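S.K.: Chains as they are written, first to last, in the working numbering: chain P, 93 to 502; chain R, 93 to 502.
Worth flagging that the hints you see were computed from the coordinates, not collected in a lab. Predicted, not measured: the structure shown is a model, and the values here were computed from it. Errors might be hidden in some of the hints.
Stated by the list, open to error - Computed beta-carbon distance windows for the label pairs:
#1 R:Gln479 / P:Trp332: 52 to 60 Å
#2 R:Trp332 / P:Asp247: 39 to 47 Å
#3 P:Arg387 / R:Arg233: 30 to 38 Å
Glycine included, C-beta positions come from ideal geometry on N, C-alpha and C.
There are 2 protein chains.
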Amino acid sequence: MTNRDECVALDARDPLAALRDDFVLREGEIYLDGNSLGPVSKGTQRRVREVIDHEWGEGLIRSWNSANWMDAPIELGNRLAPLIGAREGEVLVADTLTFLLAKIIGGSLELRPDRHVVITDAVNFHSDLYIVAAMARLAGRDIIVKTIDRDTLVDYLDDDVALVMFTHVDFRTGEMLDMAGITAAVHAVGALMLWDLAHSTGAVPLDVTSANIDFAAGCGYKYLNGGPGAPGFMYVAPRWQGVLRNPLPGWLGHARPFDFEPTYESAPGMRAYVTSSPSVLALGALDGALEVFERTTMTEVRVKSLALTDLFISLVEEALPGVFDVVTPREHTLRGSQVALRHEQGYGIVQALIERGVIGDFRAPDICRFGLTPLYLRYVDVYDAVQILVDVMMSSAHLDERFIVRLAVT
Amino acid sequence: MTNRDECVALDARDPLAALRDDFVLREGEIYLDGNSLGPVSKGTQRRVREVIDHEWGEGLIRSWNSANWMDAPIELGNRLAPLIGAREGEVLVADTLTFLLAKIIGGSLELRPDRHVVITDAVNFHSDLYIVAAMARLAGRDIIVKTIDRDTLVDYLDDDVALVMFTHVDFRTGEMLDMAGITAAVHAVGALMLWDLAHSTGAVPLDVTSANIDFAAGCGYKYLNGGPGAPGFMYVAPRWQGVLRNPLPGWLGHARPFDFEPTYESAPGMRAYVTSSPSVLALGALDGALEVFERTTMTEVRVKSLALTDLFISLVEEALPGVFDVVTPREHTLRGSQVALRHEQGYGIVQALIERGVIGDFRAPDICRFGLTPLYLRYVDVYDAVQILVDVMMSSAHLDERFIVRLAVT
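Start from the sequences and build out the full structure, keeping to the hints where you can.
M.R.: This is how it looks when you write it as structure tokens:
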């Protein structure tokens, strides 16, 4: 079993160690919930101050041009693009994930006018399920949404499928899907592929270009650390730009927004998918948060992410054998950057951990979820978190008596 | 003609004078564009700092409960409600104006399933025109959008009209419409009435309750000073809550968001119209900006607004007789809180004013637009702005020679 000194040594030679200083973290707290809401970065603090005091405060209305607020959704998309393996002009930052999915789903259904089926994962994030049902209803023709067991996808693929929408890393279990393989299978029947990258972006290396996907969308507040309710992003493969229509258009996506034309004419490129301006403060917060990613690579992040999740799993299994069902796959190619532990008393366990300064979260009915984020987490944090978990399992008032673990403490 | 000393005296006895200190304004600049983007307030600076450093920075994920981020769109709606004459639980702050209009239009068309016509104003803000056309297309049945001369509305009202959408104060001319009268006429044929309050909220007293309107939406970045791309707001009359469906649903509008149910079931009240979380930073910025309105009343604001616009018009007409066509109505009941001057060289005039520190804006083809915002503008600012306008008209390099005004300077 890895001991604490070994973790200290791992931290000492961690190439990402210096990045922790970019974040505002509380002394005595171990934050394992960056997969739900990333912490404040110094880049964010600086950029938001700059937006408020300088761009908005001094520039006022002029900053639409002088600070280039007009292009901010596109420019920020370009900054984010390398994190998903996209190129300049393929990513837009705006709105929230649900609205971006709405635009892509609505537009996609028009691209396959003779097909009637949309497939999604029955255990997809529920907002994805609601918006796909809503956009199917708004399609103005009979669309059937099939929510399936994702492992049985091939059984459902035929030439009546218009679109498949999956989430790349499962928000509960942390299982990562085979983006390229699934996309190829979907394309083989002439359907379109939309990936929700909410739990992938900034967490695992992504290459939407080589995976040849059609569309993607994700959010800015998890591993990207853009702040609560941060704008989302969307990706449209170059072959679909100018082809995929924005079903929810607005003036900022018009070819000539300041000509005030009564009829909508789409701007070229990703700008077509802008409806109206997202909060410039919120864009600034995300912009500042992305700086830290430019001081590392997703390959480096991935190496440490797997090391942290491996460490967490092995420490839990060694210290608390048989107590938890480790839901997250052991196989690296199937794992995101979180560890999910199933336990009947999951809710109480997470509450007890939070009281002792280990911040994870609970997902009904029985998942304790721990996001392990390499930019600011140390190996020693993982070690300490597991020790506290052991302590909780041996003594917590939050646990039903029959679940208390009795270990021989050495 | 009012002289500068008289303006100084008016400022000395202005009951709103102290509110100017709540804003961050640049020395030597006169900001007449608060109808497009309001300035930074000290309330906003304070609240955004609090959200970043305390709520997000320290509370992290816990702030969804401890800082009540979950209820922020509703709570902020309650804070805004008195500005439009609405009551608690009738206003929501979220998304942007265009998305909120999309939700209302989409939902409204379902409430009048046997009617085929939506009426809007041909000179409405163009984003309103685009989204009404888009939502008509998504209705899944034949809907005709008629963009009419608003003064001829009665000619178009019949029992095939489902919805009328007008903007209460015209963004170009500043003309204010008769909310109660038009709403009554629309209701008389059984149609629904949606008001865009973008140029009204925080600018003129509003009473959506006594006007008996069905729906309204507006934006947070103009007279409310919520910052660039600030979230918008929507109002749903109590009689339609639980009846108007949200056609673009998301997990935060679910009756039980944390039960992760696969099927959408709408929350009661205004929460039904939340899709996903708006930026909490952006909500904070608007929240801080609304504080100043609690130190005055819209009646007081209106008295000063009319005094400022009257002063501006009279000074321009006296100093530059016949030079401009004053497009904004003289009659107080028909005037918002801006003055629009038509001039063939409008673009150059506005550029010249901006260079000399008077910030207005230009709306094609020929409107010079000046927002007169009582919370931070002084009478003497109006006086000085007009003097600078006179100076520009007599000498500017931005003007074609034949438009230069030659006055006998006394």
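S.K.: All the hints need checking, so say for each whether the structure fits it.
M.R.: How the hints compare with the structure:
For the hinted restraint 52 to 60 Å between Gln479 (chain R) and Trp332 (chain P), the CB-CB distance of approximately 55 Å keeps it satisfied. Restraint check, Trp332 (chain R) to Asp247 (chain P): a C-beta distance of roughly 44 Å satisfies the suggested window 39 to 47 Å. In this structure, Arg387 (chain P) and Arg233 (chain R) break the distance hint of 30 to 38 Å, their C-beta atoms being roughly 54 Å apart.
Violated hint: 3 only; the structure is consistent with all others.
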